[in-house]
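Visitor: Below, each chain spelled out in residue letters.
There are 6 protein chains.
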Amino acid sequence: MTELTHLDAQGNAHMVDVGGKAVTSRVAIAAAEIRMNADTLALIAGRGHKKGDVLAVARIAGIQAAKKCSDLIPLCHPLMLTSVSVDFELDNALNRVLITGRCALDGKTGVEMEALTAVSVAALTIYDMCKAVDKDMVIGDICLSEKKGGKSDDYKRKAE
Amino acid sequence: MTELTHLDAQGNAHMVDVGGKAVTSRVAIAAAEIRMNADTLALIAGRGHKKGDVLAVARIAGIQAAKKCSDLIPLCHPLMLTSVSVDFELDNALNRVLITGRCALDGKTGVEMEALTAVSVAALTIYDMCKAVDKDMVIGDICLSEKKGGKSDDYKRKAE
Amino acid sequence: MTELTHLDAQGNAHMVDVGGKAVTSRVAIAAAEIRMNADTLALIAGRGHKKGDVLAVARIAGIQAAKKCSDLIPLCHPLMLTSVSVDFELDNALNRVLITGRCALDGKTGVEMEALTAVSVAALTIYDMCKAVDKDMVIGDICLSEKKGGKSDDYKRKAE
Amino acid sequence: MTELTHLDAQGNAHMVDVGGKAVTSRVAIAAAEIRMNADTLALIAGRGHKKGDVLAVARIAGIQAAKKCSDLIPLCHPLMLTSVSVDFELDNALNRVLITGRCALDGKTGVEMEALTAVSVAALTIYDMCKAVDKDMVIGDICLSEKKGGKSDDYKRKAE
Amino acid sequence: MTELTHLDAQGNAHMVDVGGKAVTSRVAIAAAEIRMNADTLALIAGRGHKKGDVLAVARIAGIQAAKKCSDLIPLCHPLMLTSVSVDFELDNALNRVLITGRCALDGKTGVEMEALTAVSVAALTIYDMCKAVDKDMVIGDICLSEKKGGKSDDYKRKAE
Amino acid sequence: MTELTHLDAQGNAHMVDVGGKAVTSRVAIAAAEIRMNADTLALIAGRGHKKGDVLAVARIAGIQAAKKCSDLIPLCHPLMLTSVSVDFELDNALNRVLITGRCALDGKTGVEMEALTAVSVAALTIYDMCKAVDKDMVIGDICLSEKKGGKSDDYKRKAE
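Chains as they are written, first to last, in my numbering: chain A, 152 to 311; chain B, 152 to 311; chain C, 152 to 311; chain D, 152 to 311; chain E, 152 to 311; chain F, 152 to 311.
Next comes chain A alone, as it looks inside the complex (with noise of 0.2 Å):
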């Protein structure tokens, strides 16, 4: 059976040794959802007089987060990654935002738990600004969509 690299032969939790890797040119990109109830869709797109800040506010959190996510996984690598963003889109006729997030890195080791992280936190911050209105959001999908850079083959998540 296949080993899991993050447990030494013990079984024991280690930071994998990626100090012999090349420095590549890594981009990872990740997709979630957060499904919600129509009426809170239309909040968010602020189809009402006032344009709401809801997107901004989880965009700046799942930038910061993906900055974060070394002190948040533990045994995720200390990165400096030199691009994140991060997208949504919203999805009327399923009553859901579509996030989508990117991480570059010039480095020795992925940025795919990066770019995960980024959505995930998007997904909260999302949820937290709207659930007095709607406690039964759900958070789904969180996955990667591609994966670029690096020894091993690109990744390209095949669609379902």
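What the hints contain is simulated information worked out from the structure, not anything from laboratory work. Among the hints, erroneous ones may be present.
Copies of one chain are not kept apart here, so a pair can be met inside one copy or by any two copies together.
Stated by the list, open to error - Pairs of lysine-lysine residues, derived as DSS-like cross-links and limited to a Cα-Cα distance of at most 25 Å, are as follows:
no., residue 1, residue 2
1, 172, 309
2, 259, 307
3, 286, 307
4, 309, 299
5, 286, 299
6, 299, 259
7, 286, 172
8, 259, 286
9, 309, 286
10, 302, 286
Add chains B, C, D, E and F to chain A, keeping to what the hints say.
Guide: Same frame as chain A, but now just chains B, C, D, E and F:
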């Protein structure tokens, strides 16, 4: 239309004033799942000779993340959590790990974001530790299960 | 000569003991400004076709910084802020953005440092977002406007 | 009209991609002042028998704040600063402390925000340590003095 | 056999629930030492012309570390410390610096970990500042000296 | 007399400039011990029916603390560690847990503080998890065992 409490009359974000609220005993329980290949689940379960640390690491990551919630979610209040626990159940039928997080506080505001953050970061940590063997894992069904305490009625998620 | 409370009898720094102080409702309001070129202010105001995010980002940065105050200022006490807000006024006459920060707490010590930190970091964030077009911006007039609660008399800054 | 680099074509905030930029040796110097009563300045100077720790504490706070810059300013890149120093000059003529911060890096992006953050937090720390005797202190003239390295021309602030 | 409170019935780690405990005034005092060459101790003492900042820096590091305790020690509760102090004694007879840390809180749980963290990080900071001249330094005797408040009996370390 | 590198010519603290140093592969190994009652050690070893999480939690705490080193130790440089591991040995003869921490980096400065911080925080975490049954535990012998890479000669601690 109901207003979002985190936006003021101009649509600007602010941290809601909880100064006038009573200190009560509050509890929140959140849930999440991470779906994966059967082989990946077997590695987590440690069905080989060695009992691995994956869930122990994820549990600690989740507990610590609950404490970082106000640093991650921009409009969350800093809180003095009195209790945090994160538990896992391996669901071999559906090839997933079910995650439950419970936070408690004697304070002026609810702890649902802390519980949701705990399960989200625990799930991300499982992803991190298993991604070398399975990049297709999906984190989902992050939701609030239950909430007690405070002025608003207690909340219990309806079974779907 | 009056002594500095943050230094003990030997001149060594310590965190002042507030254990014996009463829990009261406290508020502090701080102000700052950032002066810039007229063109830079126009970009912030979004007088073109697109409404930009500069002030939304600076507002979030200020709110989050208030929560980090005890981590930034070595002798500040950790606090559970009950409310934080940061507001902006564009002053086209003097080509500056005026920043106001307000923090509240039910606690044993004042929140003036939290309010001052909020406006300072909001101003630094505006600098960051505009520095590509204007490196000559100056942040100034960071001061405490008002302070209420606690044993000492309420404070209100005299008009100059 | 020139565009703000931190906003994309839709006016949304993002962390600018510096992946393609060259690693060069970069330096930035920032300045700030804090104005106060003559008596307060005398306490800082330690003109009594005891040499106090005010400036030592403020220096450490400034150095540590430079390292926290990417956590404070949402769109700043995480950086591996190679050098940080913070210095003070007591100006008895104008009753103020002049603060200078210098940061250096071998990297892909400038360190002006790190230097500006260092002097701002050093000034806030002086305010904190002296506020019991002087709430009227004003922090001002926070600006970039000089910047070297990187593709854009070196910057040196013009004397006013 | 007595059970460890931080492990539940399944041996899993959790943050102990202190929700039902009374808020009382609590104090903890911890100690540590760092042993070094006589020459290193002389440099710290500043027996030359210049009084150095080593102990001032270590004091601040220790105070700030006490505030970070719940971020460092996974199962510690976040606390609102009301007082932290760190003191040093130079022991020329045994070529060591003795470090004492004292933390206080009005809360539901003890502050011994905060005091122990303060002296540990103060010692590490002295090591850092002197390591260029003395890599053989040893940090030791980190222990709880005294603890007051809370339901359990007060603790005072027996002289050895 | 040799000068302390972290103090400038005026005795003021600063972060040493490593900008001119070469990027080399660096490793540091540190050690610590925590002494306790035989019963406490037995609880950690899990000699009963249940295998507890004490060392798993302490290991994660140590690894995460290595990454926080530059935030804890004021004059440490931020670093991108390429590897961190923390290991434990139960010494039943002397009733203690021996802790070893190893950090690696491709960078401009050594990682001895990161390794020392890892073992210190791992020891503090063991103390925290066992303090309910044994407050007399003592953490000691925190020292640098070995250091490789960089311009200065490699270091190996002499056996006592």
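Visitor: Against each hint, give a clear statement of whether it holds in the structure.
Guide: How the hints compare with the structure:
| no. | hint | result |
| --- | --- | --- |
| 1 | 172 <-> 309 | neither (28 Å within a copy, 33 Å between copies) |
| 2 | 259 <-> 307 | within (20 Å within a copy, 29 Å between copies) |
| 3 | 286 <-> 307 | between (33 Å within a copy, 10 Å between copies) |
| 4 | 309 <-> 299 | within (15 Å within a copy, 41 Å between copies) |
| 5 | 286 <-> 299 | between (37 Å within a copy, 13 Å between copies) |
| 6 | 299 <-> 259 | both (13 Å within a copy, 21 Å between copies) |
| 7 | 286 <-> 172 | between (45 Å within a copy, 20 Å between copies) |
| 8 | 259 <-> 286 | between (41 Å within a copy, 18 Å between copies) |
| 9 | 309 <-> 286 | between (32 Å within a copy, 11 Å between copies) |
| 10 | 302 <-> 286 | between (43 Å within a copy, 15 Å between copies) |
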